[in-house]
Structure formats: structure tokens, C-alpha cells
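Just so you know, the protein sequences line up as chains A and B, in that order.
By my numbering, the letter at position 4 of the first sequence is numbered 4, and the numbering carries on one by one without gaps.
With positions in the second sequence counted from 1, the corresponding number in my numbering is that position plus 1000.
Worth flagging that the hints you see were computed from the coordinates, not collected in a lab.
Cβ atoms here follow ideal geometry from the backbone N, Cα and C, with glycine treated the same way.
Watch out, some of these pointers could steer you wrong.
[What the hints assert, rightly or not] If you want the footprint, here are the derived chain A segments under chain B, 3+ residues with CB under 8 Å: (1) 72-78; (2) 97-106; (3) 160-171; (4) 203-211; (5) 269-278.
[What the hints assert, rightly or not] Some chain B residues flagged as far from chain A (calculated, every beta-carbon gap over 12 Å): (6) A1034; (7) D1173; (8) P1176; (9) L1192; (10) I1231; (11) R1336; (12) P1351; (13) F1395; (14) G1566; (15) Y1570; (16) L1581; (17) L1678.
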Amino acid sequence: MAFGSKALRLALLAGMAAGSLCASTAAQAAEKYKIYLSMSFIGNDWQAEAANMVKAMAAHKSMADKVDLQVQVAGPNAQRQIQQINAMVQAGAQAIVIFPISPTALNQVVKNACDKGVKVFAYDAEITEPCAYNIHIDQEEAGRVTAEWLVDKLGGKGEIIAITGVPGTSVDDQRTKAAKEVFAKHPDIKIVGEAVGMWSQAVARTELSKILATRTWDDIDGLWMQVGCFTANAMQLEAGKTPADLLPCAGEGANGGRIQMLPEGTEVEGASSPYAPLGAPRISYASPPYSGALALKLAVEALEGKDVPKLTVLPLPVVTSETVKLCEEGTWDEMKAGCNAFKPALVSNPGWFASIFSDQTPEVGLNAALVGQPED
Amino acid sequence: MSSAQASTRMQRTSGLRRALGANSGTIIAAVVFAVLLMVVDWVGAGPLTYFDISFLSSGGATSAIAAIGQTIVIISGGFDLSAGAVISLVNVVLASNMDPMSMQASTALWTAVGIGVGMAVGAFNGFFIAFLRMQPIVVTLSTMFILQGVTLLVMDKPGGFVSPDLGAFYLGDAIPGWLPMPVVVICAVLLLWMWLKGTRFGTALYAVGSDTDSAAAVGVNVVLVRFMVYIIAGGCYGLAGVFISAQTGSGDPLVGNPLLLSMFAAVVVGGTRLGGGQGGPVGTVFGAFILMIVVNILLVLNVSAYYSTIAEGTILFLAVLAGSMSHGSVLAIQLRAARARFAAYRAGTLPSQIDRVDRRLATTSGARRSEPSNATRPAFHIRHAETLRFALPAFVCLILVIAVTQLWLGRAVLNPGYWNSLLVLSSFLAVLALGQGTVILTGGLDLSVPWIIGISGIVLAGMVNGSDAALVYALPTVLAMACVVGFANGVGIVYLGISPIVMTLAMNGILQGFALLYSQGTPAGFSSPMLRWFMTGRIAGMTPVVLFIIGFVIFAVLLLGRTAFGRRVYGIGNGLRAAQLSGIAVEKTLILVYILSALCAAVVGIMLTGFSGQASLGMGDDYLLPSIAVVVVGGALITGGRGHYIGMLGGVLLLTSLQMLLAGTTLPYATRAILYGLVVLGAVMALRERNTR
Chain A
1 MAFGSKALRL ALLAGMAAGS LCASTAAQAA EKYKIYLSMS FIGNDWQAEA
51 ANMVKAMAAH KSMADKVDLQ VQVAGPNAQR QIQQINAMVQ AGAQAIVIFP
101 ISPTALNQVV KNACDKGVKV FAYDAEITEP CAYNIHIDQE EAGRVTAEWL
151 VDKLGGKGEI IAITGVPGTS VDDQRTKAAK EVFAKHPDIK IVGEAVGMWS
201 QAVARTELSK ILATRTWDDI DGLWMQVGCF TANAMQLEAG KTPADLLPCA
251 GEGANGGRIQ MLPEGTEVEG ASSPYAPLGA PRISYASPPY SGALALKLAV
301 EALEGKDVPK LTVLPLPVVT SETVKLCEEG TWDEMKAGCN AFKPALVSNP
351 GWFASIFSDQ TPEVGLNAAL VGQPED
Chain B
1001 MSSAQASTRM QRTSGLRRAL GANSGTIIAA VVFAVLLMVV DWVGAGPLTY
1051 FDISFLSSGG ATSAIAAIGQ TIVIISGGFD LSAGAVISLV NVVLASNMDP
1101 MSMQASTALW TAVGIGVGMA VGAFNGFFIA FLRMQPIVVT LSTMFILQGV
1151 TLLVMDKPGG FVSPDLGAFY LGDAIPGWLP MPVVVICAVL LLWMWLKGTR
1201 FGTALYAVGS DTDSAAAVGV NVVLVRFMVY IIAGGCYGLA GVFISAQTGS
1251 GDPLVGNPLL LSMFAAVVVG GTRLGGGQGG PVGTVFGAFI LMIVVNILLV
1301 LNVSAYYSTI AEGTILFLAV LAGSMSHGSV LAIQLRAARA RFAAYRAGTL
1351 PSQIDRVDRR LATTSGARRS EPSNATRPAF HIRHAETLRF ALPAFVCLIL
1401 VIAVTQLWLG RAVLNPGYWN SLLVLSSFLA VLALGQGTVI LTGGLDLSVP
1451 WIIGISGIVL AGMVNGSDAA LVYALPTVLA MACVVGFANG VGIVYLGISP
1501 IVMTLAMNGI LQGFALLYSQ GTPAGFSSPM LRWFMTGRIA GMTPVVLFII
1551 GFVIFAVLLL GRTAFGRRVY GIGNGLRAAQ LSGIAVEKTL ILVYILSALC
1601 AAVVGIMLTG FSGQASLGMG DDYLLPSIAV VVVGGALITG GRGHYIGMLG
1651 GVLLLTSLQM LLAGTTLPYA TRAILYGLVV LGAVMALRER NTR
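Please construct the entire structure, taking both the sequences and the accompanying hints into account.
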């Protein structure tokens, strides 16, 4: 079968599917690297933001004429991602960038892809198959650093509540185990309540409400949460606490939390309580959503024949109440100068992840994460 | 499950047509699959090769094998929610017990282990369902929670080792270049089924699923058949678990859970009717592969990620719709009926065109009046004996759980804050229970709840954006949107004859796509101060939403118990044909039921937005299974017709108080999941049917 007629049919079908498709002509595709992105679930803030940044990276002027990127979503189902990666290999992928649903379940299909010369890059979570390239933070470090901060803040003594992530995942396991090891070294730190937070602000609120049905905020000295400090602070205000009374909270890198960390009374455009400066005592960390964009960049470098290490451990983005700084516009240059929180007027969703800066990705800034538009 | 399906079956009188009709689902599923395969070949980067076929067959095999088991359960009139959890359990059992040091592993031995684990779980399910006569949906839901806990105890994070031998066997070639092994495995299972179908057991299986009473009357051992069904199904899930272990070469405690919903879709796309007695696993296998090949189609067409759930939902919808296209289909019947009505309208003989005159017989009016004045009304507990029997267990368990909370954690019974939290946290499910409960009372199921909640919250937050004034137009907009969605669900189910599970599942995917497009991945906006106060503020120590819930409960009880609409809902659930013949406008009522369900979900979306202060994608995902669980724990029958809102409310309070108790402890998550499952199982033990049915 001639390729031209295939392209014609594709274009025909593209027309039928009402604009949801973008057919590229055979001539363009020939010069570009054919790269696929297999995402997991698109239905949460982190995933959508990471996808925006990958798309922005592909659209950046340094990349646009090199990369032909196609994005596919596998949902939460590892079986489907296996099928999808197989289909991508069959469709002639040169590199596949993956948000792996499982660190182990994809090993066979990834090995098969590698054997056919396809470069496989996993971002945020890992793939344990040795031929894959991995780009992620050290999750144990994240658990350890945040737990140590909380212990310091409490002077090694106090009753705390722990809200964990999604049970049965490696990321949750590594973070929680590392944190608990730190707490175990301080016998006066007691975990009095523990709940599964599913990495969601909404779930964190439900779970905290359940725990607080039989306790009061006064019984608790601190919080260690994988996601939910923004919500915990909001709940304390609702319960009649003043910003000065807020409990120390070690948790996620949501922009809402960063804004709350700014000293109380700071003028911030678009702020309204609880998405407002409160001077909250916090340490804020995140698995940065730029990892997918970096994975794409490294994939292109690998295809160009450059030497790319199999494992890229990203520096853990940590912001404390002392180092938090408001951005004016959110350009990459501005973030390089040290700002790490964005005005509510620009980022209206407080659950949006603010750790979008990397030394290695000057192509993407705030607009990339928000709407998929690269820097100039 | 719709009016016309019943009449469709009655029309097929001749034996040949009945035989064709019984297999039409399978044939159409096969045709749809062939067409989709051709589409992939047509637009793909090259002609389909043996490798493509091999990949496809291994990709769909896990869900196909598991869905075969699910089909057998559904034919028997049951429902199995534990299927995905069994797959995960088998996967981690294999991965944690195989010895990485010895590369040789006996494929036969480990396959037997996997199938054995599945059958053991099946026997557990079967014991409660067959011998204790408990409702399949509750038993298997409890089993699901218990197994998820056990799975995490076996392996708390992905890892482990599955011998490559297993992979080489299950993913290899039976005849190199011609026949991939997964195809052989599926065919072997199907051949076993063919044999089973021909035995006495096979006949009994269909008999039990079609009409339990008749089956029992002609001497079928219903208990044994049901027990065997769950064991056989468990074996299928076990084999699916072995297959996914071979495919992934490792263990992951979450690998099977997302397969559950697509398994039901595969069964229904394959032409098996929910409710029992019709269909078969062959169609299911095609159904599973149809769902799998959609992945490839989306890829070759390069459908944008935001549109993929819409495309999937639409394909699912169209596949089923195409499957029901025939002379006897619901759509055809409805069209003929519409033509007849139009003709009657032209002729002026429609009932509504005839003058409204009193045509009652002269004797009726007087005779009916005089009776109740003399007779004493029976006492409350006698008049409501059935409602009490099914609603009380949930409340008894609730009191037990609260007593345990008081003893274990303290500060419960005398603490107004505890009661307030209980009611606030229950409010979401209390509202959902009315919608989902009403749908279940008519014998349906609404799976579009998660993304109606999601899209309602997102649209509301986006429109309101912190302004109380905007609520005035934002609330009606969101509720109107829900009405449209519910109406679409209802029309699809009633007039197109699509099964409620498929229609609402497809709708859920389509709404998810719209929510993503609307929000561009990050939902903007946040709830207004008034809405937040409504969900989190205090009036004299009480959150305003508590007052709303009290009003809502009264409304719900009156709606279902004291209105004509409520009576019609029970009528449809108890016997669709009978309801139709007694003059109930079944179509209109069913559409109203789905609108009610969508409205309830939208209200929950609004409440959650107020509670969290913002809306997030996927915020409704955690409410689907609980919304079904509370209805059934509260004493409703999943097949419709029986249940009371007060019972469902008891279910809501019970499950919420149990979660509050568990959250107050520091037990590990796995233990909590097991306890949760056991308590749900215990709570419904009292609901079991005690008569011989």
C-alpha cells in the first residue's frame, strides 16, 4: 500500500472526526523525530500541568521543526498502557515518553520497545526495566527532608497527623517509609492519626474532617501530608484559628500553599481567603511537573546521538516560609532569579503545582504550565 | 431493562428467530470487531501483520478471560465486583512467591495456584450468596475491599518477580507465525464453556438466571448452581491474574482494580443482558477486544488526549447501538409506535384528544369510600414490617459502630462536634443515595455519577469565581446542565434501548472529556463565601448543610413514599410489563428517574465545591461505588422494586461513621480496608432472604 493513499485516508478521517485530529503530511513527518507521549490519567491537576509543559516543550522554536509529538492517554489502567506502547512501537515511534502507571508492569513491553531501537523515557515515576531512561526526584529524600523539617519545627516533641498518598504505589511507599523512619528516631513524636489522602486536596479535607470528629485542632501539634496543607490551613481558619496559630505543616507544592506561606498582609493581586498570604509555617515540596518536558528534551538529545544518562535525579524543589518569594509574571528568567509562588490573579486554581522551574528547561515557564505555550 | 426489551422478547415467537435472536448479540459484536479491525488496518501505518495480531491478542486477553467469568455470573442473574481485586491478588501472590534465583518455573503449577486462589475467593463469595442468600453486589463489594487489603498485606508496593518462563508460555506462539498463544488460551476457555453449556449445569445456569422460581420449581438446585457459578468465575479471574502476571513479569497491588468497569462494558457490548438468562461468553470476548482495539484506533487517528474519553464513550455507545439495530430493536419499536401515535393524532383518536368525561362505573365510587372508616388501621410496625426489616439492620449496626467509637476513641456520643461532622460528611452520600437509589429501584444503575459531580463542580467554580452574586445564575445553569445530561441518559436507555450500565458509562466518559476541554486541564475559580459557609460554617454549633440534609431527607421520603412518581418507580421496579399494562407511562417515568439522579449528582458537585473551596478534576471518582453500596446496605434490592430511602440513609450513616472510626485509629490502610469490608458484609448478613426463594 502506498503511503500517500494512507495519508489521504487519514486526512479524510480527520475531517470526519471534526477537528480533533491533526494530520501531518508525509513530507514533514519524514524530517522530524516521531515521538509519542503516553500519559496515565489526565483527570488531575498535576497530570494536566505536566502534559501542558510537554506540549509547550515540543512547540518551542528550538524543537518545533525537530519533533512530531503525539499525546495519548491510557487512563489508570496498566493493561491499556501496555497495549498503547505496543501500538506506538508498531506505528513507528522513535522515542516514547511515558508517565508509567506501574513501575514494574510495563517492563516487558518497554524491553520489547528498546529491542526495536525505540528510546523509552519515564518521567516522575520510574520504570524498573534497565533499558529505560528515568527522570524523577528522590522520593525517599522528599519524605525524609519534610519529616526532619517537621521534627525540628516541633522541637522533637508533639502529636502529629500523617496524610499519605495512594496506597500500593512505590512513590507513596518510599515517601511514607522514609518519613516514618525519621519520626521513629524521635520517640516523643507520635503519629496520632493517619489517613490515605490519595494526593488530592478534596480527599485530604474529607479525611481530616473524619479525624477531627473525635479530636480538636488543639490536640494536634503538627501535620505531615503528601498533599493537603492548603486545605488543612483553610480548615483551621474555619475552626476559628488566627493565622498566627496555624500548625506547622510539611506538604505539597501547590500554589495555594505557597501563597499562604507569604507573610500575612502581603499585597497579592487576586488573593481571597483562604487563598491568601497567612504567614503559614510550612515546608513545601513537590514532584515537579516539568519532568515530562525535560524527558522530551532528553529524548531528542538521545535521538540526536548525545550521551544521556539512564537516570536523571531531579533536585528536590523545597520551599520554606523563609525562602518563599512571589513572582510578578512567571517567566523562566524571573524564576531563575528565585521566585517560586504565583499570584492568584494569574493562577486561579490553588491546587495548581508551583514547582515548575528547572535550570535545564529554559524553554518552559508559567505560560507553558498553564496553557502549553513555550517561552520565547 | 426498558419497556420495549420485554416486548421484543415476546414478539420472537418462532424457534428459528429465537435462536437467531439469542445469538444476535454475539454475531453483532463479532461484526463490530471485524469492522474496527479493518479501520485499524485501513488507516494504520501498514497492513496488519502477525505481530500486530499477536500484540492485540495479548493486550485484550486479560480482560477477555476475566470478562468470561463475569459473563457467567451475569447469566446466572448475579453481579461480581470482586473480579478486579482477584486479579491483583493473584498477581501479587505469584510475584511474591516465585523464586527469582531459579529461573525455571513450572507453568502448570503456578497457573494452578492462580486459578486456585481465584476459586477460593469465588467459594467465599458463593458461600454468602448461595447459602446465605445475600445480594451478590454487596457480598462482592465487601470481598473487593477485603481483597484489596489482603493484597496490600501480601505486597505493599510494586515489585516481586514472575518467572520469564510464564511469559514465554502465555505470550509466545502456539504455531509460530500463525497462531499466538493468547488466542489459544482464550479458545481453550471458550471450549470449556461450550462443554459446560451442554451439560445439565449449563441448562440450569440459564434457567436460574431467567427465572429463579421456575427453575427451583422444576427441581434445579438453585443454591448449588449459584455456588458453582462464583467458583467458576473466580477460576477465570485467577487465570486472568496469571496471564497479567506473565505479561508484566512482576507484581503490582493496583494492577487489576481499573479492569472492573471495562469488564462490565465488555460483557454488555458482547450482547449479554444484565439481569441474567441471556447471552454468552463468546460475545464477551469480542466485546473485550472491541474495547481494546479502540486504543489502537485512537492512536492511528491521533485523537487529542482531551478528546480520547469522548471518543471512547462515543464508540462504546455506537457499538452497542449498532448491535441493537434490527426490526425488533427498541428504536424500531419506538419509531413504529410514534408513527402509530401520529396516525391516531391525524385520525383524532388519541386518548388526549378524546373529551374528558367521567367513564367510571357507577358502583365504584360509593363502595370504596365506606370501607376504611370502620376498619382499624394496623399498628405502625405491622404496616411497615417489610421496610423496618430491611432498613433496621443498618441503623442497628450504626449504633454499634458509634458505641465502639465512643469506647475506643472517646468523645463521640456526648460531643456535638462528632454528630455535626457525621452529618456533614454523610450529606454527600445522602443526596446521591436518593438519585442512585431511585435508579436502582427501577432496576437500573447510574455510572455517570462521578463526572456529573466533577463537571458540575468545575463549571460552578468557574462561573462563581468567589462571587456570591454569581450563584444566582450559576446554580440554575449547573442544575439545568444536569437535567440535560439526565435527559440524555434517559432517552438513550428508554428510546434507544441501550442498557443503563453502557449508556451511563459512555456518558461518564463523554462528560469527563467535556470537563477536561472546559477546564483545559486545570479547573479555574473557587467557591463563593456563601457556599463555603453553607458547607463549613456554623450556626449555633451546627453546619448549615445539616439543616439542608434534614429537609432533603423529608423531601426524599415524601417523594418516594407519598407521590405518584414514587409509586410508579416501585411499580416499574417490581414488574416492568405489569407497570406498563397498568397504564404507567414507563418511558416518561424512567427519563425523570435519570434526571433526578443527575440532579442529585450535580447537587453533590456543588456541595463538594463548597466543602473543598474549589473544584478538581476527578473529585467525583470516589463516590461511585459508595453510592451503590449505601443503597444496598440500606436494604434495597439491586434488581429493583424493594427499598426505602430511610434505609439508604441508615446505610450512608453507617458507612460514614465506620470510616470516621477507622480514620481515628492508626491502623494500617490494609487492615482498615479488610475491617471495612467485613463490617459491610456483617451489616447485610441480617438482610438476607429467609424464605425459600
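Status of each hint after checking the structure:
no.	hint	verdict
1	72-78	holds (count 7)
2	97-106	holds (count 5)
3	160-171	holds (count 6)
4	203-211	holds (count 7)
5	269-278	holds (count 3)
6	A1034	holds (18 Å)
7	D1173	holds (15 Å)
8	P1176	holds (17 Å)
9	L1192	holds (23 Å)
10	I1231	holds (25 Å)
11	R1336	holds (31 Å)
12	P1351	holds (43 Å)
13	F1395	holds (19 Å)
14	G1566	holds (31 Å)
15	Y1570	holds (33 Å)
16	L1581	holds (44 Å)
17	L1678	holds (18 Å)
The structure meets every hint from the earlier list without exception.
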